[in-house]
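Trainee: Going line by line, the protein sequences match chains A and B. Just so you know, the first sequence maps onto residues 1 to 131 in our numbering. Just so you know, the second sequence maps onto residues 1 to 108 in our numbering.
Quick caveat, the hints were computed from the structure, so don't treat them as lab data. All the given hints hold, so there is nothing to weed out.
Using C-beta positions, here's what the derived DEER-type ranges look like: (1) R74(B) / R27(A): 17 to 23 Å; (2) R71(B) / T23(A): 16 to 22 Å; (3) R80(B) / S103(A): 25 to 31 Å; (4) I47(B) / P58(A): 18 to 24 Å; (5) S85(B) / L57(A): 38 to 44 Å; (6) E18(B) / S110(A): 25 to 31 Å; (7) E18(B) / G97(A): 26 to 32 Å; (8) D59(A) / E18(B): 44 to 50 Å; (9) L111(A) / R80(B): 36 to 42 Å; (10) R96(A) / T53(B): 44 to 50 Å.
Cβ atoms here follow ideal geometry from the backbone N, Cα and C, with glycine treated the same way.
This is what each chain is made of:
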Amino acid sequence: MSDFVQSLRLWFAPQRIRDEGETPDYRFSLANERTFLAWIRTALALVGGGFAVDQFLPDLRWGVRVGLALALLAAGALCALRAVNHWVRCERAMRRGEDLPVSRFPAVLSLVVAVVAVAMVVVVLFGWAGR
Amino acid sequence: MTEAASGIDARDPGLQPERTRLAWRRTTLSCTVVAVLAVKLAVSDEITAVGITGLALSALVWIGFLAVAHRRIRSLSPARPQPLSHRGALLAACCTIALAVFGAAMIW
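Isolated chain B, as found in the complex (with noise of 0.2 Å):
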């Protein structure tokens, strides 16, 4: 009976915390489709040394936002969370610039 009580009282009753966790999914969802689009671009008919290292740079960008979702998802557990860290939106926001940048690289 105490844990049910207590257990009410650790939920946020508008599952913000869920809602964030959610959120940073889709965004770890949108991030993967970018990073296999940029895959395809770098490796299209033969394989070459500038299309392989365009290939490394988008895995490790991915598993690089991959990181910082999971540690954002985990940290958002208890009822009342901390707010997001500086690095992790500077992060997320650098992985975005850094796929963009290497498409621009390959593309030109």
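Just chain A, same shape as in the assembly (with noise of 0.2 Å):
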């Protein structure tokens, strides 16, 4: 926990990263921008994906459509939280020189979808079969 805390700090005070270390080679540096992008356009889409729910699937019950939509704009804003906390560390270890940080958040992730998919498939299903 304090660790998010310390991470937390560096988010907002870059120039404590500069002090650190010495400055990575650019490529590298860019490969970790992209990355970020890349998780970046994962919670997009997760957005997008919330937003499609409430709009597509009208039929479904209030309760059983908003509660997927507000799901998946939840994983979408913890997934972009989660990017900038990941391109912090790994700037911060590849100008320590240290190894890159492990997550165990792409797994949760990918749970989170399988589940979120799963239960879509059933409501869908259950949907046509009701009516």
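Need the complex rebuilt from these two chains, each delivered in its own frame; the hints are there to steer you.
Mentor: What follows is the structure, encoded as structure tokens:
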């Protein structure tokens, strides 16, 4: 937890990172930036999926529709936050010459997406059966 | 001749700045799609004050993201560009989160 607070402080105090270690090869920084952008796109896709559930599944019950949409939106917001956090931590690790941080976030996110996908299949199938 | 030689020197052999620039463009495109979906969510059948507010905020967020991406794409033009600024990364993430929050408010 204190690790999280520490990296949160780094988000808003970039000069503290500049003080540490030495500037890595610009290609590594650019690769880190592209990874960050890929996560931002993943977050945008989740947010767009949340909008799409609300827009294109109007026959669902209100609770199910809003629940699914809000879950996808929350996952998108979380993914964006985590993108910044991971980018900062990678940047710091490269400056210090440490190993890059490992993360269980990709596994958790893919499980969440799988659960949401199965839930949507079930909901759509039951929606058809009930009609 | 010297110009051509310096041109080869000035170009990254792995085209890293170009790839990063294209990644920013892809991300801008994704942000545009999500902003359009947000506008569609805000203005459904009748025009209300809430709908107009949602539309204006979504447009604002989209323009904000466009500005961040444009600044970064411009700063990627030298052969050895500076790393992404913290402000740029935070703003890009904040735009995504803002779209999610508007969407949640409008869906609720």
